[in-house]
Each structure stands twice: as structure tokens, then as C-alpha cells.
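Enquirer: Residue numbers (the working numbering), protein chains in the order written: chain A, 1 to 204; chain B, 1001 to 1292.
None of these hints come from the bench; they were simulated from the model. Cβ atoms here follow ideal geometry from the backbone N, Cα and C, with glycine treated the same way. Be a bit skeptical, because a hint or two may be false.
Stated by the list, open to error - Here are the simulated distance ranges between beta carbons:
| hint | chain 1 | residue 1 | chain 2 | residue 2 | range |
| --- | --- | --- | --- | --- | --- |
| 1 | A | ALA62 | B | ARG1219 | 23 to 31 angstroms |
| 2 | A | ASP88 | B | ARG1219 | 40 to 48 angstroms |
| 3 | A | ALA62 | B | PHE1281 | 18 to 26 angstroms |
Here is what each chain is made of, one letter per residue.
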Amino acid sequence: MNLRPAGERALLVEVEELETVHRLHAALRRLDLPWVTELVPGYRTLLVVADPERAGALDQLAADLPGLKLPPARAGAGVPVEIPVSYDGEDLPEVASLTGLDADEVVRRHTAPTYTVAFLGFSPGFPYLVGLDPSLEVPRRDTPRTSIPAGSVGLAGDQTGIYPTASPGGWQLIGHTDVALFDPGRDPPALLGPGGRLRFTVAS
Amino acid sequence: MIRVRQPGMLTTVQDLGRHGLAHLGVPAAGAVDRRAFGLANRLVGNRQGAAALEITLVGPELELEAGVWVALTGGRVAADLDGRPVPMDMAVRVEAGQVLRVGSLTTGLRAYLAVRGGIDVPPVLGSRSTDTLAQVGPARLAEGARLPVGDQTAGDPFQQVAPTPQVDPEPILRAVRGPRDDVFTEEAVRALIAEAWTVTSSSDRTGVRLDGPALERRRRIELKSEGMVEGSLQVPPDGHPILFLANHPTTGGYPVIAVVVGHDLPLAAQARPGTRLRFRFVSLEAARAARP
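Hey, can you work out the whole structure from these sequences and the hints?
Expert: Dropping the structure here:
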């Protein structure tokens, strides 16, 4: 565990594995420290942000962290959320040709794994997923699209993801879902949280 | 109600932001110069989290449909009430039907207009702020829009002029090294504090984009995306830092060479394109003890 101050009111906790990030996140959520304003997971880090008036409490936390008891892996992950996808994306033929697979096989391999939400970022509710079949790794598009509709499912490098809101983006689009990943009127507003799991299914 | 006759260049409703949702990718947003924002609210006797208007460079024209106290703070701007000049940094009484015109800022980049009771648009995820990055919260002001006034008061309007520091033409911002200063060469870390950095015109509420010498990385490693704090000096591959303001994204994939002290962020929020900013490093202890 490597502790890096990020300014006077935050601590970036760096660990070896994504799973440890999620266990640490769960442990700190459970502690429910009143001076902590944000806990932000990344691929290998957890950012702990303090109330500026009580930032000194970070020092005690830094001292306590190495001895903190972490919950077992995936303790709070629950059942995987199913995301029905219509695999009719504009780039599906391109992805098939890049991977040397036919479109049906791309779909089969995309719906086979259970993915883990590493963290959310880029835009509200945007899940960075791990667990993609390596045979589906394709480069980003040379020219990003200026607008991608909400619900688009895409591929880029070793990542797959869903655009919760319309936004520009460079991912290869293979399909879309009608499931709302982000809804400000819902509590919690994001369908998926860090450490959560999901499966893609073929929409009927 | 307040009726918007002209919205100005970019006028938005802002409060202290949306907190506790960064792990879901929801930015904080909120006023980027919280010092000027807080002063405006105090002057009209509002609670500290009441929503006010954040004005960018060119101000709006507003018709106050009911009598109310208002206060204008931040970058210097001429304003008038039915043609009579309105002083800044003090509570001013507006009668029903009067029109408040806020002109173009002469110094700084942003001014704040608080109305007694606060702007009462419906909160979204605990805040009335317009998120200009993720498009959460109310829309920016548009011609013909009507804004309700709330009851978020905490005391009486303040009956004196508040002392306000002048906008510094070449501000020096205090910063704490890291969390990823080790990614950069020693020369790059030195250059950050030795050079003057010019604010570019592509700056916005998300961040102040800075032009200067390219900050070189020691290693060509790809950093894994990680959480970002307000004040981060994030350095993309072109070597030119971006200083994150209140509407920054929650995560980022580029290394942060240093983080600006919270008390100095209003200076960055008021820096117009062309302003030269300088940085100096302070220890974590000094940063925590820092005062404006």
C-alpha cells in the first residue's frame, strides 16, 4: 500500500489490485467517517477526500490504513445486473473484420463473461468494465464521433462499456441497450456502483 | 420570480455543489470562486449554501418581479438598476418591477449575484448547481426564463460594504507537490514553479488550461485512471497543465504533478485568458494552515 497526498485535503491510496481497491472502498464506507466527503475508486487507487475544515484527520487515517481489516472480496457485489443489448451497432461489421470473427461470434463472446465494474467516471454513471474476452480487443476509432446516443455499447482496447448519456466518444459501437444507467431522479442515480457485476444478454 | 430579459454570455445557477457522488462519476460542480460566492450570500443574509447566479464576463439583464435584496461580488463589473449605478460588495434593495443590468467585467472573469432567499430552482441530486460538464441540474439562463426566489435566509442583510481584495494581475498560487510528481523529470517539476503560465481561451468551469514549456515525463508509462481533486494540475501528453476547478471530471488518466491549495483557487477561477499565473510549492502542513 502506497499513500500519496493529493493536496491538503485528499489522500490517494495506491494498491496492487483492483479487488483490493473495492475491498478498501467497502471497508471505508463501513467506517462511515463523518469528515470524509468522497471516496473515489480508480483501477489501482482509492482517493479519500476530506472536509477542508477537518483535513488533519487524514493523517490518522493514513496511520490506521495498513492495519485496517478488509472485508472478503466481492462481499457486497450481489447478483450480476443483466443488461439486454440489441447487437445492431454501426461498427459491428468493422469489429468482426478486425477480430477475424463473424458478428454472431462477437456477440457470443461479448455475452459470455460476467464483468466487474472497476469504477465509474468520464460521465455520470459511465462504468469502466473489466473482464472482456481478449479476442474482442479492438483499437478506438481513428476519428471519434461527435455524438453517441445514450445506451450505446462499445469496445475500445481491453475495455467494454455503455454510454449512460449522449456524449462524444471514440469507442467502436456494437449495440445499444434501453436500460437507464443513470437517472438523476433515482436513488442511487447510477444503476451500477464500483465493484458491481454485470452480464450482457441478447435483447429479445 | 426573476425574469431573464438577457442571459449574458454564460450565466448559471450555482451553490456549493453536489457531494458524495464522485464514485458514481457525478462531478461536484458548484461556484468556481467560492469566496466571492460566499460573500454575496453573506451580504444578503442567506444561508451559506443558498444558490446564486454565476456570471461569466458579460452579465445578464434581469427583471425582479418582487422587491428583494441583492448583492454583486467577484470580478469588477458595472451594473445599474433602471439606469442608476449599483455598487458592488454590498446589499442593495431592488423594488418590484425594476430591471437590473449587469455589464461586462473589467477585471476578473466571474461575478456572483445573490438574491435574498436564494435562487429556488428544484435541486437535482442535492444541489441546484448547473453542471456544465455532465449536464446535470438546471439549464444555463436563457432569454425569457423565470427563476423562483427561495427562503434560504440565515439573518438580516449586511448593512456595510465588504472589503474585497483587488484582482491580482499576476497571481502566485500555492501548491503541494504530487500525487504523481515522480512521473515527471526534475526539470519539469522545477519549470512548474520557475515559469509563468499563460491562461488560454479554452479554459472553462472544468479547468484553467495553461500554456508554457512542455512538462516532460521521466517515464513513458501509461497511468491507470484515478480519482481527481479540485485544484489538481493534471498534465496531458502535450505537457501543458490543466488546473481543475469545481466542475472537474471525477476521474482522469493523466498524472497530477501538484495540487493547488484550496484558498488560492478563487485566484485561478478569476484568471482571464492571457493572465500569467505562477506557482510556488508549500509543504502539506503549510497548505493545511493556509489562509487566503
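Enquirer: Against each hint, give a clear statement of whether it holds in the structure.
Expert: Now the hints, each set against the structure:
{"no.": "1", "hint": "A/ALA62 with B/ARG1219: 23 to 31 angstroms", "result": "holds (26 angstroms)"}
{"no.": "2", "hint": "A/ASP88 with B/ARG1219: 40 to 48 angstroms", "result": "holds (42 angstroms)"}
{"no.": "3", "hint": "A/ALA62 with B/PHE1281: 18 to 26 angstroms", "result": "holds (20 angstroms)"}
Hint check: no violations occur; every hint is consistent with the structure.
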